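Please construct the entire structure, taking both the sequences and the accompanying hints into account.
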Amino acid sequence: MKSNSAEYLLEMKNVKIEGFSDRRWHDIVNGIDLNLKRGEILGLIGESGAGKSTIGIAAMGFCKAGCRFKPGSSVVFDGLELTSASEEEKRRLRGARIAYVAQSAAAAFNPAHKIIDQFSESVVQHGVGSREEAYADAKDLYSKIKMPEPDTIGFRYPHQVSGGQLQRAMTAMALSCRPDLIIFDEPTTALDVTTQIEVLATIRDIVELFNTAAIYISHDLAVVAQMADNIIVLRYGDLVEEAETRRMLDDPKEDYTKSLWAVRTFKKTTVAGSRESEPIVKVNHVTAQYPKTKEPVLYDVDFEVHPRETVAIVGESGSGKSTAARVITGLLPPLEGSIMLDGELLPSDYHDRTKEQLKSAQMIYQMADTAINPRHKIRKIVGRPLSFYLGMEGDEKHRRLNELMDMIEMDPKLYLDRYPAELSGGQKQRICIARALAADPKFIICDEITSALDQLVAEGILRLLDRLQQELNLAYMFITHDLATVRAIADRVIVMLQGRIVEQGEKGVVLQPPHHEYTELLLSSVPEMNPDWMDRIMAERASGKGMRSAGN
Amino acid sequence: MLAQRILLGLLTLFAISLIIFLAVSMLPGDAAEAILGQAATPETVAALRRQLGLDLPPHIRYLDWLGGILQGDFGTSIGNGREINEVLGTRVYNTIFLALFAASIAVPLALFCGILAALYRNSLYDRTVNVVTLSSISTPEFFVAYILLLLISVKAGWLPSLSNVRLDTTFTEHLEKTLLPALVLTLVSMAHMMRMTRAAIINLLANAYIEMAALKGMKRFRIIVHHALPNAWAPIVNVVVINLAYLIVGVIVVEVVFVYPGLGQYLVDAVQRRDMPVVQACCLIFAATYVILNLIADILSILTNPRLLHPK
Numbered sequence: 001m002k003s004n005s006a007e008y009l010l011e012m013k014n015v016k017i018e019g020f021s022d023r024r025w026h027d028i029v030n031g032i033d034l035n036l037k038r039g040e041i042l043g044l045i046g047e048s049g050a051g052k053s054t055i056g057i058a059a060m061g062f063c064k065a066g067c068r069f070k071p072g073s074s075v076v077f078d079g080l081e082l083t084s085a086s087e088e089e090k091r092r093l094r095g096a097r098i099a100y101v102a103q104s105a106a107a108a109f110n111p112a113h114k115i116i117d118q119f120s121e122s123v124v125q126h127g128v129g130s131r132e133e134a135y136a137d138a139k140d141l142y143s144k145i146k147m148p149e150p151d152t153i154g155f156r157y158p159h160q161v162s163g164g165q166l167q168r169a170m171t172a173m174a175l176s177c178r179p180d181l182i183i184f185d186e187p188t189t190a191l192d193v194t195t196q197i198e199v200l201a202t203i204r205d206i207v208e209l210f211n212t213a214a215i216y217i218s219h220d221l222a223v224v225a226q227m228a229d230n231i232i233v234l235r236y237g238d239l240v241e242e243a244e245t246r247r248m249l250d251d252p253k254e255d256y257t258k259s260l261w262a263v264r265t266f267k268k269t270t271v272a273g274s275r276e277s278e279p280i281v282k283v284n285h286v287t288a289q290y291p292k293t294k295e296p297v298l299y300d301v302d303f304e305v306h307p308r309e310t311v312a313i314v315g316e317s318g319s320g321k322s323t324a325a326r327v328i329t330g331l332l333p334p335l336e337g338s339i340m341l342d343g344e345l346l347p348s349d350y351h352d353r354t355k356e357q358l359k360s361a362q363m364i365y366q367m368a369d370t371a372i373n374p375r376h377k378i379r380k381i382v383g384r385p386l387s388f389y390l391g392m393e394g395d396e397k398h399r400r401l402n403e404l405m406d407m408i409e410m411d412p413k414l415y416l417d418r419y420p421a422e423l424s425g426g427q428k429q430r431i432c433i434a435r436a437l438a439a440d441p442k443f444i445i446c447d448e449i450t451s452a453l454d455q456l457v458a459e460g461i462l463r464l465l466d467r468l469q470q471e472l473n474l475a476y477m478f479i480t481h482d483l484a485t486v487r488a489i490a491d492r493v494i495v496m497l498q499g500r501i502v503e504q505g506e507k508g509v510v511l512q513p514p515h516h517e518y519t520e521l522l523l524s525s526v527p528e529m530n531p532d533w534m535d536r537i538m539a540e541r542a543s544g545k546g547m548r549s550a551g552n
Numbered sequence: 001m002l003a004q005r006i007l008l009g010l011l012t013l014f015a016i017s018l019i020i021f022l023a024v025s026m027l028p029g030d031a032a033e034a035i036l037g038q039a040a041t042p043e044t045v046a047a048l049r050r051q052l053g054l055d056l057p058p059h060i061r062y063l064d065w066l067g068g069i070l071q072g073d074f075g076t077s078i079g080n081g082r083e084i085n086e087v088l089g090t091r092v093y094n095t096i097f098l099a100l101f102a103a104s105i106a107v108p109l110a111l112f113c114g115i116l117a118a119l120y121r122n123s124l125y126d127r128t129v130n131v132v133t134l135s136s137i138s139t140p141e142f143f144v145a146y147i148l149l150l151l152i153s154v155k156a157g158w159l160p161s162l163s164n165v166r167l168d169t170t171f172t173e174h175l176e177k178t179l180l181p182a183l184v185l186t187l188v189s190m191a192h193m194m195r196m197t198r199a200a201i202i203n204l205l206a207n208a209y210i211e212m213a214a215l216k217g218m219k220r221f222r223i224i225v226h227h228a229l230p231n232a233w234a235p236i237v238n239v240v241v242i243n244l245a246y247l248i249v250g251v252i253v254v255e256v257v258f259v260y261p262g263l264g265q266y267l268v269d270a271v272q273r274r275d276m277p278v279v280q281a282c283c284l285i286f287a288a289t290y291v292i293l294n295l296i297a298d299i300l301s302i303l304t305n306p307r308l309l310h311p312k
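Residue numbers (the working numbering), protein chains in the order written: chain Y, 1 to 552; chain B, 1 to 312.
Fair warning: there could be bad hints in the mix.
Said to hold, decoys possible - Using 25 Å as the maximum straight-line C-alpha spacing, the simulated PhoX-like pairs for lysine-lysine come out as follows:
hint: 1; chain 1: Y; residue 1: Lys114; chain 2: B; residue 2: Lys155
hint: 2; chain 1: Y; residue 1: Lys268; chain 2: Y; residue 2: Lys413
hint: 3; chain 1: Y; residue 1: Lys397; chain 2: Y; residue 2: Lys413
hint: 4; chain 1: Y; residue 1: Lys294; chain 2: B; residue 2: Lys312
What the hints assert, rightly or not - If you want the footprint, here are the derived chain Y segments under chain B, 3+ residues with CB under 8 Å:
hint: 5; segment: 94–102
hint: 6; segment: 122–129
The set of hints was computed from the structure by calculation and includes no laboratory data. All of these numbers come straight from a predicted model, not from anything done at the bench. The beta-carbon is built from N, C-alpha and C at its ideal position, and this holds for glycine as well.
See below:
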């Protein structure tokens, strides 16, 4: 270990980074100062485009392809100025003394090599130890972080291990050379809440155990509140506010920080129709199975959606939420059971449904990017259902397009003749909503539509859907794993686990105790804006209350 | 999955045998007329046709032919009346010898140059190697062959200009005599493999696991060879195999230039003599080469992909 005369392990001063696109340089980070002591954890918070990941890897002296430090930037790690260090000097640091944990372990593990070989690679290549020593250390770490079968799990390939375990294996991999600093870049964003809490616990144990300093990057405040000693809030590459965690949570100074804190306050205003009325959609004891699986993925699923009602389906990945949507839309004909739409029995395969039946139930997807054709203009994307379902052409179609754009609060003059690539993520999702509305539906399935969006943008989408429900008497089925969204928008909640409905009822009833034990697990795993929340939950779970994650 | 591929391969071969047979029997004129030449009178032609079995209906002739092949008998050459099997063995051996010799130079060289091009992409090296290989692939192979003949064997006198091997040629002599055609084949087949290696690797460089390797402090060469290459095998193997097939099937012109007694020469001679059984036999072997090599490519793609090799 080098002698450390400076007080700080990492000092970033006036860090400015620019990126090259559209044939010119754009500023991404505009002069950030940041200091980190040994063993300290710093949280970086911000929405997408705030520059948090860029700053995170800049701490390793690394810029993504097409980006560079601007003159005057200084990143000093343990006495070494990284902006002027040679590639070789920086290469020796990376992996050995500063390690990185990426957002998606599934993408960041090389599919061609076994997990334990990727663990030992840094150790061997940086000359820290032999392969055998690294293997032994990996098994030891895997058992310390309570991975199942710690002696053998490393000898699997990444695709043979679940997402949550892979993320934990990557945290262990970051530790392989016992670095002084680890950069965690949204390490739990892609995980279910029940898995997230286990990964968070792993990260905390490891950081405490080895007294490692860390930069923890996330858009989720409640998560950062559990991990960090200090928090920095970023926006558009600028530092908005910096404070000790508790003070930041209790007493945010800046308006932007306050608005981030307030996001979860939205509540649905539309009053649902009476449950006495005819349901719009009735799912009758559906059991369904994919052609290639041996067992059904849905067992005896039975629920109704009434006019002006929002039914939220929650559950972990693999619980059958999206499969239920596929059965309703006729993409996957069920083995048993049936679907009724507005009192009418629907053919189980969408090929056999009439246009009238098809247009009544529309769908909005999670990834607006992949759900709209990037080579079509907005006019064509939204206009297609108008001509296909309703036979509109010419002036009539143009008028309706303008109305639809007004409904989603986007100026038709500005946007109708643009391509999707010119729009932001939230705007693209609005276009998907307009396309669904164009068919003049009674019922819309929203499949994780806000989970790829920043919280402020997501809230705007929820407000829009709420207003449209009020105006157009729509019924929604909301598929989500985010319980904050459920609290905001649902009238009724259906909890699914491994293809079965474990609990359903009005939101107030389902979300209040007493719960089914799985609902309890889901609810208690959602991080709260309280730095002590995680300690409390882990203590409760250690004492044997509640059940463990069902997914694994 | 593998059984299905093999079955499909056999089916393809069967369909090809049918196509070859139909195509050959649709050609104008027949062997009887070709053999008799000037001496052809209607009577002698009819007699010879009967003798050769050419008067039988086509489906009987096809089944006879197919049945013979299934027992390993390719029939009798009309041109010299000898069993095709006698000649075919050495011809196939010679062609495969040359193909493997060329491949043993071209494949490692192409992979090596491709990896270097990916490593130093857009550098002077990358551009030079691209231009050189592209020019050599765009030049007709007989032209490349004659240029090399002129330079290496006529002017410098390092290598023999004819590749006239016999049964009693020793292995080292065989190598020496086929080095020049092997070099020609290397030049014309390398560009494709090299460019695919480069493209397949560069395609992967945007992946998160490549950035991860860089953030783990791995050297650039290791990132390319250890992290990108293992995931690039499937497209590379496919292109290599197509080129191997080309080295066996497409060498006709090169064999003729160097007077090398391979399958290609045999085919060209047979076409000139209207020796249809030989033409059919050669075509079927060429087709089988493609089918077998593609099967090998499929197997290698599975072997190099952990997702297929080690399912969940």
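Here is what the structure says about each hint:
Of the pairs offered as hints, the one joining Y:Lys114 and B:Lys155 is violated, with about 55 Å between alpha carbons and a cut-off of 25 Å exceeded. Taking the CA atoms of Y:Lys268 and Y:Lys413, the gap is about 30 Å. The hint is violated against a cut of 25 Å. For the proposed pair Y:Lys397 and Y:Lys413, the alpha carbon gap of about 15 Å is at most 25 Å, so the pair holds. With a CA separation close to 14 Å, the supplied pair Y:Lys294 and B:Lys312 stays within the 25 Å bound.
Coverage of the segment 94–102 of chain Y by chain B holds. Counting CB-CB distances below 8 Å, 6 residues qualify, and the rule asks for three or more. With a threshold of 8 Å between beta carbons, the proposed coverage of the segment 122–129 of chain Y by chain B holds, since 3 of its residues qualify and at least three are required.
Checked against the numbered hints listed earlier, the structure breaks hints 1, 2; every other hint is satisfied.
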